[in-house]
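Visitor: Spelled out, the chains give:
Protein chains: 2
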Amino acid sequence: MKQSLTQIHEMWERFPSVQKELQDVLFIIQDSLKANDKEVEKALLDMFRAGGKMLRPAFVIIIGQFYPGNASKLKHIAASIEMLHTATLVHDDIIDDSPERRHAPSIQSKFGKDIAAYAGDYLFAATFKTLAFHTDDMTVVRQSTKLLENILTGELTQRTNHYDRHMTLADYKEQIAGKTAALFVLSAQLGATNGDAPEEFVNLVTDFAYNVGMAFQILDDILDYQSTTKDLGKPTLQDVREGVYSAPLIIAMQNKPEIQKLLAKKESITNEEAIQLRDMVIASGAVDEATDLASEYTEKALDYLSQLPEGESKDTLVAISEALLERAN
Amino acid sequence: MKQSLTQIHEMWERFPSVQKELQDVLFIIQDSLKANDKEVEKALLDMFRAGGKMLRPAFVIIIGQFYPGNASKLKHIAASIEMLHTATLVHDDIIDDSPERRHAPSIQSKFGKDIAAYAGDYLFAATFKTLAFHTDDMTVVRQSTKLLENILTGELTQRTNHYDRHMTLADYKEQIAGKTAALFVLSAQLGATNGDAPEEFVNLVTDFAYNVGMAFQILDDILDYQSTTKDLGKPTLQDVREGVYSAPLIIAMQNKPEIQKLLAKKESITNEEAIQLRDMVIASGAVDEATDLASEYTEKALDYLSQLPEGESKDTLVAISEALLERAN
Chain U
23 MKQSLTQIHE MWERFPSVQK ELQDVLFIIQ DSLKANDKEV EKALLDMFRA
73 GGKMLRPAFV IIIGQFYPGN ASKLKHIAAS IEMLHTATLV HDDIIDDSPE
123 RRHAPSIQSK FGKDIAAYAG DYLFAATFKT LAFHTDDMTV VRQSTKLLEN
173 ILTGELTQRT NHYDRHMTLA DYKEQIAGKT AALFVLSAQL GATNGDAPEE
223 FVNLVTDFAY NVGMAFQILD DILDYQSTTK DLGKPTLQDV REGVYSAPLI
273 IAMQNKPEIQ KLLAKKESIT NEEAIQLRDM VIASGAVDEA TDLASEYTEK
323 ALDYLSQLPE GESKDTLVAI SEALLERAN
Chain B
23 MKQSLTQIHE MWERFPSVQK ELQDVLFIIQ DSLKANDKEV EKALLDMFRA
73 GGKMLRPAFV IIIGQFYPGN ASKLKHIAAS IEMLHTATLV HDDIIDDSPE
123 RRHAPSIQSK FGKDIAAYAG DYLFAATFKT LAFHTDDMTV VRQSTKLLEN
173 ILTGELTQRT NHYDRHMTLA DYKEQIAGKT AALFVLSAQL GATNGDAPEE
223 FVNLVTDFAY NVGMAFQILD DILDYQSTTK DLGKPTLQDV REGVYSAPLI
273 IAMQNKPEIQ KLLAKKESIT NEEAIQLRDM VIASGAVDEA TDLASEYTEK
323 ALDYLSQLPE GESKDTLVAI SEALLERAN
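Taken in order, these protein sequences are the chains called U and B.
As numbered in our numbering, residues 23 to 351 make up the first sequence, in order.
As numbered in our numbering, residues 23 to 351 make up the second sequence, in order.
Chain U extracted, bound-state conformation:
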């Protein structure tokens, strides 16, 4: 069974030491899912195996290498972070009726929403079980529960406010800070504090992770306007159809009020209208403006990064940050 979970995303091939650690992280995840129903275990393993980038656990590992602490604890924290992240994805797919995730059928489309609901809950349980049993560190458990609460509050606010055509960029930033950047920040902080890092280092990686997370989410949202269903593994402008508005659309609505009118139709947007909307957003220059916004965060991230102690860990962080964020430059 063990060899089945070794497929790490190709981006880590350039970083063999990180790749090896991430492999161990996947083994920990595999062990954590063992008590589960066999069919669901397989579905979850398939999802972990389907080639997520494992950015968040990689952040835990790499940032934890600056001031090394207990290596096993670090890997269990990394595994928990990835399971927590995946739990939110499984539940997001239920809510969004997503047929696909990572170019494979989503758990909800394969097994139904009932199994997917429990599978997500199961991952939450596995997350906290792994933290409680394998880190034996109440501070880590506390930070993780607080973070999960923040993520969920953010998601709830997003849902309560969806289809809001008067959403501002400030609303959007608050939303993605809670939805995405917060988990990058937690990954960095748990990595840093596993060893005996000075406060200044913890603050630097916190600021670095926040800005990487913001840039990463904006670039991800921009992708919806640049790609076809096949590229992304999900339907064109699915978020917009679900009432979730992101930077390109918000900027475009400010620039071109007629886009607001098109959205007044809400849930009834057809595929043709979605394509028309995407073209209007691009034509308005909003995608370029959103890309500039992402660049601002990227530059801040790289600036904080430059202040970290020199060494292999820093070089790795610079390389993956540039690879992740290069679309913004």
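If you are wondering where the hints come from, they were derived from the structure by calculation, not from laboratory data.
Some clues are possibly wrong.
As the list claims (entries may be wrong) - Dumping the calculated EDC-like pairs for lysine to aspartate or glutamate here, alpha-carbon to alpha-carbon at most 20 Å:
(1) U:Lys135 with B:Asp114
(2) U:Lys168 with B:Asp53
(3) B:Lys283 with B:Glu264
(4) U:Lys60 with B:Asp186
(5) U:Lys168 with B:Glu264
(6) U:Lys168 with B:Asp158
(7) U:Lys168 with B:Asp159
(8) U:Lys135 with B:Glu171
(9) U:Lys95 with B:Glu264
(10) B:Lys135 with U:Glu171
What the hints assert, rightly or not - Computed spacing ranges between beta-carbons, pair by pair:
(11) B:Lys60 with U:Glu294: 35 to 43 Å
(12) U:Glu294 with B:Glu122: 38 to 46 Å
(13) B:Lys132 with U:Asp53: 38 to 46 Å
(14) B:Pro220 with U:His125: 39 to 47 Å
(15) B:Tyr185 with U:Glu122: 21 to 29 Å
Predicted model only: the values in this text are computed from it and were never measured.
Idealized CB from N, CA, C, for every residue including glycine.
Knowing the structure of chain U, use the given hints to seat chain B on it.
Guide: What follows is chain B alone, placed relative to chain U:
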């Protein structure tokens, strides 16, 4: 705001000291939900307020009084147990499409499945946050994460096996042990170990709680065959329509094979057919047999209970156990 959450189920009026503690438990829950989205916070508070019996937190409190430890910690454990239980109810209602819960609209019917999914997740987060911050006891966190994993594994198995007309009483017992009795057991154990209870006491309350939980669930399942929608706050034989088979039906299928045939229609059972099925189950004597099964557990529970140290806590446990389980005698 504080006075709004003080409506404790009338069954506790006879036990003013427990009633007071449960009021404090509700205040803790109210505080835990504060950071949440306002509309969802209200929906969740309404659900806590709607008069659940709060049996599980009451078990924590009463059993914790035999060998008293930190009183605040005990109440926070009790609050966490009730939030954990409620989280599973919120997600169950999504999965079962339940329009009602505790005689009020369910969160999923009022706000939609998306909000309900996050609201349940939020309660899981609040559960572990409360345990991590207010009990500061890793053993408690560990036991709770393990229990949640067991509950969810049980629910997954139930879902994977649903509409199984060859389900045995042994399968059913295993299912309700994981789904219901396990949380009663955890409540008893966390209550007992909050103070300095001897191992013999912990074992006794564990056995007591297991048997109470089993009897309670069987009696609850029997109610489906004795009540109208109005009494129960949910449609006639809803569980059966969802493919969840309980003791009366399993016994009836063993006694009368023609009932198996009726069920071959599966998901397409009409309301009339449900009423017909219910009448057939009752006529077969299966409800009486299921009641006998519940009585066996009740008797064991009362036997373990009789071995506990004398005092007000024991008297209270005896009184509520008899009140809860009297339908079985």
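Visitor: Each hint should be assessed against the structure and marked as holding or not.
Guide: Hints versus structure:
{"no.": "1", "hint": "U:Lys135 with B:Asp114", "verdict": "holds, 11 Å"}
{"no.": "2", "hint": "U:Lys168 with B:Asp53", "verdict": "holds, 14 Å"}
{"no.": "3", "hint": "B:Lys283 with B:Glu264", "verdict": "holds, 17 Å"}
{"no.": "4", "hint": "U:Lys60 with B:Asp186", "verdict": "holds, 18 Å"}
{"no.": "5", "hint": "U:Lys168 with B:Glu264", "verdict": "violated, 35 Å"}
{"no.": "6", "hint": "U:Lys168 with B:Asp158", "verdict": "holds, 15 Å"}
{"no.": "7", "hint": "U:Lys168 with B:Asp159", "verdict": "holds, 17 Å"}
{"no.": "8", "hint": "U:Lys135 with B:Glu171", "verdict": "holds, 19 Å"}
{"no.": "9", "hint": "U:Lys95 with B:Glu264", "verdict": "violated, 43 Å"}
{"no.": "10", "hint": "B:Lys135 with U:Glu171", "verdict": "holds, 19 Å"}
{"no.": "11", "hint": "B:Lys60 with U:Glu294: 35 to 43 Å", "verdict": "holds, 38 Å"}
{"no.": "12", "hint": "U:Glu294 with B:Glu122: 38 to 46 Å", "verdict": "holds, 41 Å"}
{"no.": "13", "hint": "B:Lys132 with U:Asp53: 38 to 46 Å", "verdict": "holds, 40 Å"}
{"no.": "14", "hint": "B:Pro220 with U:His125: 39 to 47 Å", "verdict": "violated, 57 Å"}
{"no.": "15", "hint": "B:Tyr185 with U:Glu122: 21 to 29 Å", "verdict": "holds, 28 Å"}
Hint compliance for this structure: hints 5, 9 and 14 are not met, and every other hint is.
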